[in-house]
Amino acid sequence: MKHILPLVSFLGLIIAAPFSAQAKVNLFACEPEWAALAREIGGDEVEIFTATTARQDPHYVRAKPSLIAAMRKADLVVCTGASLETGWLPVLLQKSGKASIQPGGVGLLYAAELVRLLDIPDRLDRAEGDIHPEGNPHMHLDPHNIALVAAALTERLKLVDAANASSYQAGFDAFSQKWRQAVQRWETEAAELKGVYVVAHHKSFAYLLTWLGMRKAVTLEAKAGIPPAASHLQSLLQTLRQDPARLIIRTPYEPDDASEWLSEKTGTPALVLPFTVGGDAKSGDLFALFDRTISLLKSANGV
Amino acid sequence: MRYQVVAVPAALISLLLNGAALAAQDNDIQAMKAEIQSMRQSYESRIAELESKLSKIESQKPSAPQAVSGSPAPAGNSGRNIRDNSFNPSIGVILNGRFGGYSEDNSSITGFAIGEEGERGKEGFAVDESELNFSSNVDDKFYGSVTAAIVREGNEDKIELEEAYIQTLPGMGLPNGANVKAGRALWTLGYLNEQHSHTDDFADRPLPYRVFLNNAYNDDGAEVSYVLPTSFYSEIGGGVFRGDDFPFGGASGGGFDAWSAFARIGGDIGENQSWRLGGYTLSGDTGGRAGNGESVNFTGDSNLYAADLRYVWAPTGNPREQEVTLQGEYFWRSEDGAYEDFAAATGEVAFDEHARGWYAQGVYKFLPQWRLGYRYSRLKTPDVPVGLLASALDAGGYRPEAHAVMVDWTNSEFSRVRLQYNHEELSRSQNDDQILLQYIMSIGAHGAHKY
Numbered sequence: 517m518k519h520i521l522p523l524v525s526f527l528g529l530i531i532a533a534p535f536s537a538q539a540k541v542n543l544f545a546c547e548p549e550w551a552a553l554a555r556e557i558g559g560d561e562v563e564i565f566t567a568t569t570a571r572q573d574p575h576y577v578r579a580k581p582s583l584i585a586a587m588r589k590a591d592l593v594v595c596t597g598a599s600l601e602t603g604w605l606p607v608l609l610q611k612s613g614k615a616s617i618q619p620g621g622v623g624l625l626y627a628a629e630l631v632r633l634l635d636i637p638d639r640l641d642r643a644e645g646d647i648h649p650e651g652n653p654h655m656h657l658d659p660h661n662i663a664l665v666a667a668a669l670t671e672r673l674k675l676v677d678a679a680n681a682s683s684y685q686a687g688f689d690a691f692s693q694k695w696r697q698a699v700q701r702w703e704t705e706a707a708e709l710k711g712v713y714v715v716a717h718h719k720s721f722a723y724l725l726t727w728l729g730m731r732k733a734v735t736l737e738a739k740a741g742i743p744p745a746a747s748h749l750q751s752l753l754q755t756l757r758q759d760p761a762r763l764i765i766r767t768p769y770e771p772d773d774a775s776e777w778l779s780e781k782t783g784t785p786a787l788v789l790p791f792t793v794g795g796d797a798k799s800g801d802l803f804a805l806f807d808r809t810i811s812l813l814k815s816a817n818g819v
Numbered sequence: 002m003r004y005q006v007v008a009v010p011a012a013l014i015s016l017l018l019n020g021a022a023l024a025a026q027d028n029d030i031q032a033m034k035a036e037i038q039s040m041r042q043s044y045e046s047r048i049a050e051l052e053s054k055l056s057k058i059e060s061q062k063p064s065a066p067q068a069v070s071g072s073p074a075p076a077g078n079s080g081r082n083i084r085d086n087s088f089n090p091s092i093g094v095i096l097n098g099r100f101g102g103y104s105e106d107n108s109s110i111t112g113f114a115i116g117e118e119g120e121r122g123k124e125g126f127a128v129d130e131s132e133l134n135f136s137s138n139v140d141d142k143f144y145g146s147v148t149a150a151i152v153r154e155g156n157e158d159k160i161e162l163e164e165a166y167i168q169t170l171p172g173m174g175l176p177n178g179a180n181v182k183a184g185r186a187l188w189t190l191g192y193l194n195e196q197h198s199h200t201d202d203f204a205d206r207p208l209p210y211r212v213f214l215n216n217a218y219n220d221d222g223a224e225v226s227y228v229l230p231t232s233f234y235s236e237i238g239g240g241v242f243r244g245d246d247f248p249f250g251g252a253s254g255g256g257f258d259a260w261s262a263f264a265r266i267g268g269d270i271g272e273n274q275s276w277r278l279g280g281y282t283l284s285g286d287t288g289g290r291a292g293n294g295e296s297v298n299f300t301g302d303s304n305l306y307a308a309d310l311r312y313v314w315a316p317t318g319n320p321r322e323q324e325v326t327l328q329g330e331y332f333w334r335s336e337d338g339a340y341e342d343f344a345a346a347t348g349e350v351a352f353d354e355h356a357r358g359w360y361a362q363g364v365y366k367f368l369p370q371w372r373l374g375y376r377y378s379r380l381k382t383p384d385v386p387v388g389l390l391a392s393a394l395d396a397g398g399y400r401p402e403a404h405a406v407m408v409d410w411t412n413s414e415f416s417r418v419r420l421q422y423n424h425e426e427l428s429r430s431q432n433d434d435q436i437l438l439q440y441i442m443s444i445g446a447h448g449a450h451k452y
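Just so you know, the protein sequences line up as chains A and B, in that order. Here the first sequence is numbered in our numbering, starting from 517 and rising by one per residue. Here the second sequence is numbered in our numbering, starting from 2 and rising by one per residue.
You may find that some hints are simply not true.
[As the list claims (entries may be wrong)] Subject to a maximum C-alpha distance of 30 Å in a straight line, what follows is the list of computed DSS-like cross-link-like pairs (lysine-lysine): (1) LYS739/A / LYS451/B; (2) LYS732/A / LYS798/A; (3) LYS739/A / LYS366/B; (4) LYS814/A / LYS719/A; (5) LYS540/A / LYS589/A; (6) LYS540/A / LYS674/A; (7) LYS142/B / LYS540/A; (8) LYS451/B / LYS719/A; (9) LYS674/A / LYS142/B; (10) LYS451/B / LYS589/A; (11) LYS732/A / LYS710/A; (12) LYS123/B / LYS381/B; (13) LYS142/B / LYS589/A; (14) LYS719/A / LYS366/B; (15) LYS366/B / LYS781/A; (16) LYS719/A / LYS781/A; (17) LYS781/A / LYS710/A.
If you're looking for bench data, these hints aren't it; they were derived computationally from the structure. These numbers come from a predicted model, not from an experiment.
Input sequences plus hints: build the corresponding full structure.
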């Protein structure tokens, strides 16, 4: 009996530890944009873990031990969905053993399910590369989509942490008012970008370009997820000589070789856009991300 | 509704016109028919336009407090159902073929009596294991998965049941982080054991896996694991098994002849590095284990202890472009029982010795599609009692070792081609140079990868 007592109290400590630490909602964000959005709405009530950085390609992330530990603690998981995280998220969800954060549960929010997706493939065939049957998952660069996700995230936060429901509503109200004004401002500022012809590395910027009415050319990747081949770049070069683009854009995590090569051959400026929060020093939150993206596009276009 | 309202007058008009047409000239009939056709078409296109407007308005009804108008998902846009129909299991197939060329006619690992899978692969062109996998959630509480490998043994194609297990889902109501798996599975032991061989970084398994586990331990049994609620990753677990798969054999069938336990921890070092460290044990009674074909038999207790370490570094934490993985495993096995070498006619000889082995490997992804790897493995053979001198188990103090160098090209998530060179010195005066050319392709469902 003497030996059992410390053991029981030790086990008690282990079991009680997560409860005593549950003063805040633990939110697991797959990508930095959702972490930033949760911070806008949840403020100090939410403890946020961001699984990836702006320098990481969210398609290719390892199901690292640290991610398993973070998922184990999560009360609410916010991810893009549309198969973006299909290579790593299922392992984390399974390992967590938590019913509430499984697909269909109140604790798992897929942002891509809330919006109308672009680039839904006509043909589902692996010969087309690493395609997403649901459509293009990189939906966060249309600020109207962010607004839709903000509303759904607020509802989920209220469900997971009913005690602070009013605080989340207040956070949402303040954010959405500020956001609406910002979107109007961005749309006015970016009016001159309408119709500007752009080449992108991957389909990462489809929503941004569609929102701003910019003209999309073919991507540097001939097939999604397969690095640009020399033959494809050559034919792209021919096309661009006929019909020159104004800009070549890529994310911070995409390699520079293909876009720099094309830039050198065509004289079209190649540009790294922040893509998500933390993508460069000046993109610290969602507002800054769009401010920065538009100012970069405008200054490069004005050259 | 709208369609009917417009359709009724349209039908009346066409009836009237058709009636009048009876008396009219043939060319008039043709002209009227064309007119009717064009009227019908214009009505129908207007109806379709109205219907699409209606459905658009319906789909844009906000479901949540919505401050800014955007483009919400159309109703029933649950994309997951396209890929993974919940009423069909996921089906995946691994196609695996290779060409092997060896400088030595025979290869045997001195000092160990090994199982068939642990032997050197076939020379020449061969279709390796082709794996068929079916998996699905069974219901709200269970997940099930079957992996069958079609292999060629002798001159026959045989089906080997590699895995057939059920696993609890979080809906089961077990404590968070807890998980039970039962059936036949690649159990948690070291790093490689729970991985399917098609995800390996080399074309063959390292020496310790070949001699201690016959490539992989997938006995029948059950395992419990629990991810502890700590700030860093930590997991503990253990299992009980029938005791029929190498390193065991000849299970009495009366209960569980083997058991395992493990503990793992892991974490990150900054944003670019991650690691995991584990300790494992697998112990049990061996009723009678055949090795080296059927020529050696072991009966007694086998205790295996293992440790593994894996470290991953990627610039900016982005493994897509470049990555270095370092991995090593150490095995220590003690056996207490009796060995008999039929070929050397030793009779049953009491045996209480230990053996050990380890490997270390590094794989460098230097371009998004290209990787280069090196692996070194080494074994310490057991000392043998006098009765086993000059038998297959007598290595005379020799320590087998092997080097492997590989380069592979990964076109997409689903295809990989690999060239590997091995230099193996597994017995005294045996220098085996091997060239292996291998392809691994995956069609159908392709699960997420473990760390």
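Hints broken by the structure, by number, lowest first? none
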